[in-house]
Amino acid sequence: MTFPGSLDDRDAARAVTAAGAEPVVLWHGDRGLKGVDAVILPGGFSYGDYLRCGAIARFAPVMSDLVPAARAGLPVLGICNGFQILCEAHLLPGALTRNAGLRFINRDLPLRVENARTAWTRAYAGGERIVVPLKSGEGAYAADPGTLADLEASGAVVLRYAADNPNGSAAAIAGVCNADGNVVGLMPHPEHAVDPLTGPSADGLGFFTSVLTGVAA
Amino acid sequence: MPRMIVEVMLKQEIHDPQGEAIASACHRLGFGQVRGVRQGKRFEVELDGPADEAAVTAITQLARELLSNPVIEDFTLHADGT
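Chains as they are written, first to last, in this note's numbering: chain A, 54 to 270; chain B, 12 to 93.
The following block holds chain B by itself, in its conformation from the complex (with noise of 0.2 Å):
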């Protein structure tokens, strides 16, 4: 089935307590070579039609509508297998 992967993470100016809390997991785990970490939302969107150009166009009104808040995420966006 054709498929839309959607991935949405915070701005970078916008505070990740979340992200900086698995980083400071990762340390006590003694994975030091870890300097930072973000977290995101990954969205896999199955699709009755093709991946096609049609298909980017609305799924990136879908993610900015819905799947992101512009005010404080970003997305980015492509076909699965691509």
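Same shape as in the complex, but just chain A (with noise of 0.2 Å):
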């Protein structure tokens, strides 16, 4: 899905095809999904990171289409300022704020997959290590203390850094999930480590593959 300053949607939709899927483009200012199986809402600037990071993008016409579906179970999946989208509509807990050392942070990072049975991380195993890039400045996740106590118990932690707190997020948190696994956001970029040749590995393709499974069965 892309809006105006989405920067990411190209790759998303190339590692979508190197999962061997079949990428297809929804634009913001559209109404209706076109059938698809699953949603990603890329990384970058949707509407220049005005007002807050996704505050605006949580308004587009698409996303009246997006919310009741991804309720109802739709698997989708945001990136970054996907992320930050999810987070504005509602769609999973807590906020994205500025990074605790206000710099921009762009690096290939380790993380510890704590959650693989979401929509988006079945293809890992529990506890696997996987090194993607994080590339963002508003990064730091943040949730008041019951609703990480809720996170925690419900196992909806998706992800956490698995070396050093890059950004200040709270519990080290990288990425969550709904209730139902359908929705999973991630600060890091999986889109962007699907071929050793452009990325520091290919861990992240178990995002993309791991969806296919669900639509498959």
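Because the hints were derived from the structure by calculation, they are not lab data.
Bear in mind the structure is a predicted one, so any value in this text is a computation, not a measurement.
Just so it is clear, CB atoms sit at the ideal spot from N, CA and C, and this is done for glycine as well.
You can take every hint at face value.
Result set (DSSO-like, lysine-lysine): computed pairs, CA atoms no more than 30 Å apart in a straight line:
{"hint": "1", "chain 1": "B", "residue 1": "Lys52", "chain 2": "A", "residue 2": "Lys188"}
{"hint": "2", "chain 1": "B", "residue 1": "Lys22", "chain 2": "B", "residue 2": "Lys52"}
{"hint": "3", "chain 1": "A", "residue 1": "Lys188", "chain 2": "B", "residue 2": "Lys22"}
Computed far set for chain B versus chain A, every beta-carbon distance over 12 Å:
{"hint": "4", "residue": "Glu18"}
{"hint": "5", "residue": "Cys37"}
{"hint": "6", "residue": "Leu40"}
{"hint": "7", "residue": "Gly41"}
{"hint": "8", "residue": "Val45"}
{"hint": "9", "residue": "Glu55"}
{"hint": "10", "residue": "Glu57"}
{"hint": "11", "residue": "Ala65"}
{"hint": "12", "residue": "Thr68"}
{"hint": "13", "residue": "Gly92"}
To spell it out: a stretch of chain A is covered by chain B in this simulated footprint if at least three of its residues, at any positions, have a beta carbon under 8 Å from a beta carbon of chain B; those stretches are:
{"hint": "14", "region": "102 to 111"}
{"hint": "15", "region": "139 to 149"}
{"hint": "16", "region": "153 to 160"}
{"hint": "17", "region": "193 to 202"}
Take the two lone chains and join them into the complex the hints point to.
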């Protein structure tokens, strides 16, 4: 799904192809989801990050179709700005705030897969360590203590930073899911790690193959 | 023109690295009496109608749904000039 200011929609489409599926282009201003089996909200700076990251994209016309579909079980993956949009749309709990060190972070980082039962992570083993790039300025995950306790208790923490906590995220959280595990958001970029030629690894490919097993089933 | 002022601040418990960076710049400039700074946003909302009770109700809803994110921010609101 492309918004004005999306950057990584092409890489996301390329990752979908690499996983063996057919990418379909969705536009923020259109209505309808063209009958797709899953949706990826890509990274970038939708609407210039005006107001708050993801705050304007939440009200794009296509979101009127995406939000009820996601609540009904459609697999939705939000990467970076896509994660911010999912939080602003209340499809995922919490919010993303300014990195603790204020600097934009762009580097390859080890992550631990904490929940390998979601629609987007079942190709991984629980506890598996993967390396994918993080590139964001507002990636510090924040939520109130009650929400954080619920996330931990219910297994909704999908990914955690496995070495240092690069951006001050609460409990080093890099990604979370909704109660049904069909909606997942993460700040790092698995779509930039699907081919060792252009990324640090092919570790990110599992997100895009995971969702296919659910669609085929 | 009637206006409503909405001010949005990060909640106290949310880390404000921008505020901290500004505070440390204050100290570098010699403003040693500055103990801390928190940064927020101010919205000046111009109205077609009067800034009456109905407008306060509507703009309060606007502040809650769009101008602030209740997960991380609080807001205050008042009619301009009051």
